[in-house]
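Enquirer: Make a model of the complete structure from these sequences and hints.
Mapping the sequence shown onto my numbering, position 64 (from 1) lands on 146, and the numbers just tick up by one.
Source of the hints: derived by calculation from the structure; they are not laboratory data. Any given hint might turn out to be false.
Here are the simulated EDC-like cross-link-like pairs (lysine to aspartate or glutamate), alpha carbons at most 20 Å apart as the crow flies [said to hold, decoys possible]:
| # | residue 1 | residue 2 |
| --- | --- | --- |
| 1 | Lys223 | Asp111 |
| 2 | Lys210 | Asp111 |
| 3 | Lys190 | Asp111 |
| 4 | Lys90 | Asp188 |
| 5 | Lys216 | Asp111 |
| 6 | Lys216 | Glu203 |
| 7 | Lys108 | Glu222 |
| 8 | Lys86 | Glu222 |
| 9 | Lys162 | Asp91 |
| 10 | Lys90 | Asp213 |
| 11 | Lys183 | Asp128 |
| 12 | Lys190 | Asp213 |
| 13 | Lys90 | Glu138 |
| 14 | Lys183 | Asp111 |
| 15 | Lys212 | Asp196 |
| 16 | Lys183 | Asp196 |
| 17 | Lys223 | Glu165 |
| 18 | Lys210 | Asp196 |
| 19 | Lys189 | Asp128 |
| 20 | Lys184 | Asp128 |
| 21 | Lys225 | Glu155 |
| 22 | Lys86 | Glu138 |
| 23 | Lys223 | Glu203 |
| 24 | Lys225 | Asp91 |
| 25 | Lys183 | Asp198 |
| 26 | Lys86 | Asp128 |
| 27 | Lys190 | Glu138 |
| 28 | Lys223 | Asp213 |
| 29 | Lys183 | Glu165 |
| 30 | Lys184 | Glu137 |
| 31 | Lys162 | Glu203 |
| 32 | Lys184 | Asp196 |
| 33 | Lys210 | Asp91 |
| 34 | Lys183 | Glu137 |
| 35 | Lys212 | Asp91 |
| 36 | Lys140 | Asp91 |
The calculated label-pair distances, taken between Cβ atoms and stated as ranges, are [as the list claims (entries may be wrong)]:
| # | residue 1 | residue 2 | range |
| --- | --- | --- | --- |
| 37 | Lys86 | Lys162 | 17 to 23 Å |
| 38 | Lys189 | Gly152 | 28 to 34 Å |
| 39 | Leu178 | Leu200 | 19 to 25 Å |
By construction, the Cβ of each residue, glycine as well, lies at the ideal position given by its N, Cα and C atoms.
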Amino acid sequence: MSVKVTNKDIVLLGHGSYPGGATNTKLPDNIDLYLLPPVGYSLTTDVAAALIHQEEIKNLVLHHDKSTTGNIEPAVAVYKGGELAPNFTLYNLDSLSEWGKKTIGDKKNVVTVDNDTLLSELITSNAKIKDALKILGPGEKLKLYWSACANQVSGYWASLT
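Expert: So this is what it looks like as C-alpha cells:
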C-alpha cells in the first residue's frame with residue numbers, strides 16, 4: 083500500500099518517542115492513525131517532507147545499526163478509530179525548526195507543538211484537529227499521519243533512500 087496525504091488529512095510533525103509496553107490510547111471512532119515505519123524507528127526528514135508536500139510514498143528503506151537495510155511498503159500500521167494506538171509523545175522541532183518552517187510553508191494541515199504532548203492530548207485539544215473533525219462528512223474519518231520518530235532504541239531509522 084502506498085501513502086499520500088491530502089489537504090483533508092493532518093500531519094503531526096516534530097520529534098517523537100514511544101516508551102513501549104501498554105502505553106496506549108483509544109482513538110475516537112472518527113480518527114485513524116497512520117504510522118509509516120515500525121514502532122522503534124526514527125523517521126528522517128525526507129519522509130516528513132514527502133508527507134507534508136503530499137507526495138506519494140511507495141517504499142521506505144529501513145536502516146539497522148548502519149549495517150543492513152530492508153525495504154517495506156508504508157504504512158506499517160494503521161490504527162483504526164475506536165481501537166487502541168500507541169500513545170506517542172510529540173516534541174517540538176527544536177534544531178529542525180527552520181527546516182520545519184521552510185518545509186511546511188503555507189500548508190494548513192501540519193501540527194507542531196511547543197511542549198511535549200501525548201497523542202491523546204493532541205487529539206482532544208489541538209485546534210487544527212478539532213477543525214478538521216468538524217468538517218468531516220457522514221461516515222468520513224480524519225487521517226492523522228505520525229511524522230515523527232517512534233524511537234525506543236538508537237540505531238534504527240527509516241528513510242526514502
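Enquirer: Against each hint, give a clear statement of whether it holds in the structure.
Expert: Evaluated hints:
| no. | hint | verdict |
| --- | --- | --- |
| 1 | Lys223 to Asp111 | holds, 8 Å |
| 2 | Lys210 to Asp111 | holds, 18 Å |
| 3 | Lys190 to Asp111 | violated, 23 Å |
| 4 | Lys90 to Asp188 | holds, 15 Å |
| 5 | Lys216 to Asp111 | holds, 14 Å |
| 6 | Lys216 to Glu203 | holds, 18 Å |
| 7 | Lys108 to Glu222 | holds, 18 Å |
| 8 | Lys86 to Glu222 | holds, 17 Å |
| 9 | Lys162 to Asp91 | holds, 14 Å |
| 10 | Lys90 to Asp213 | holds, 10 Å |
| 11 | Lys183 to Asp128 | holds, 15 Å |
| 12 | Lys190 to Asp213 | holds, 11 Å |
| 13 | Lys90 to Glu138 | holds, 15 Å |
| 14 | Lys183 to Asp111 | violated, 32 Å |
| 15 | Lys212 to Asp196 | holds, 18 Å |
| 16 | Lys183 to Asp196 | holds, 13 Å |
| 17 | Lys223 to Glu165 | holds, 13 Å |
| 18 | Lys210 to Asp196 | holds, 15 Å |
| 19 | Lys189 to Asp128 | holds, 17 Å |
| 20 | Lys184 to Asp128 | holds, 13 Å |
| 21 | Lys225 to Glu155 | holds, 18 Å |
| 22 | Lys86 to Glu138 | holds, 5 Å |
| 23 | Lys223 to Glu203 | holds, 19 Å |
| 24 | Lys225 to Asp91 | holds, 5 Å |
| 25 | Lys183 to Asp198 | holds, 19 Å |
| 26 | Lys86 to Asp128 | holds, 14 Å |
| 27 | Lys190 to Glu138 | holds, 19 Å |
| 28 | Lys223 to Asp213 | holds, 13 Å |
| 29 | Lys183 to Glu165 | violated, 33 Å |
| 30 | Lys184 to Glu137 | holds, 16 Å |
| 31 | Lys162 to Glu203 | holds, 18 Å |
| 32 | Lys184 to Asp196 | holds, 17 Å |
| 33 | Lys210 to Asp91 | holds, 10 Å |
| 34 | Lys183 to Glu137 | holds, 18 Å |
| 35 | Lys212 to Asp91 | holds, 12 Å |
| 36 | Lys140 to Asp91 | holds, 18 Å |
| 37 | Lys86 to Lys162: 17 to 23 Å | holds, 19 Å |
| 38 | Lys189 to Gly152: 28 to 34 Å | holds, 31 Å |
| 39 | Leu178 to Leu200: 19 to 25 Å | holds, 20 Å |
Of the numbered hints given earlier, the model fails hints 3, 14 and 29; all others are met.
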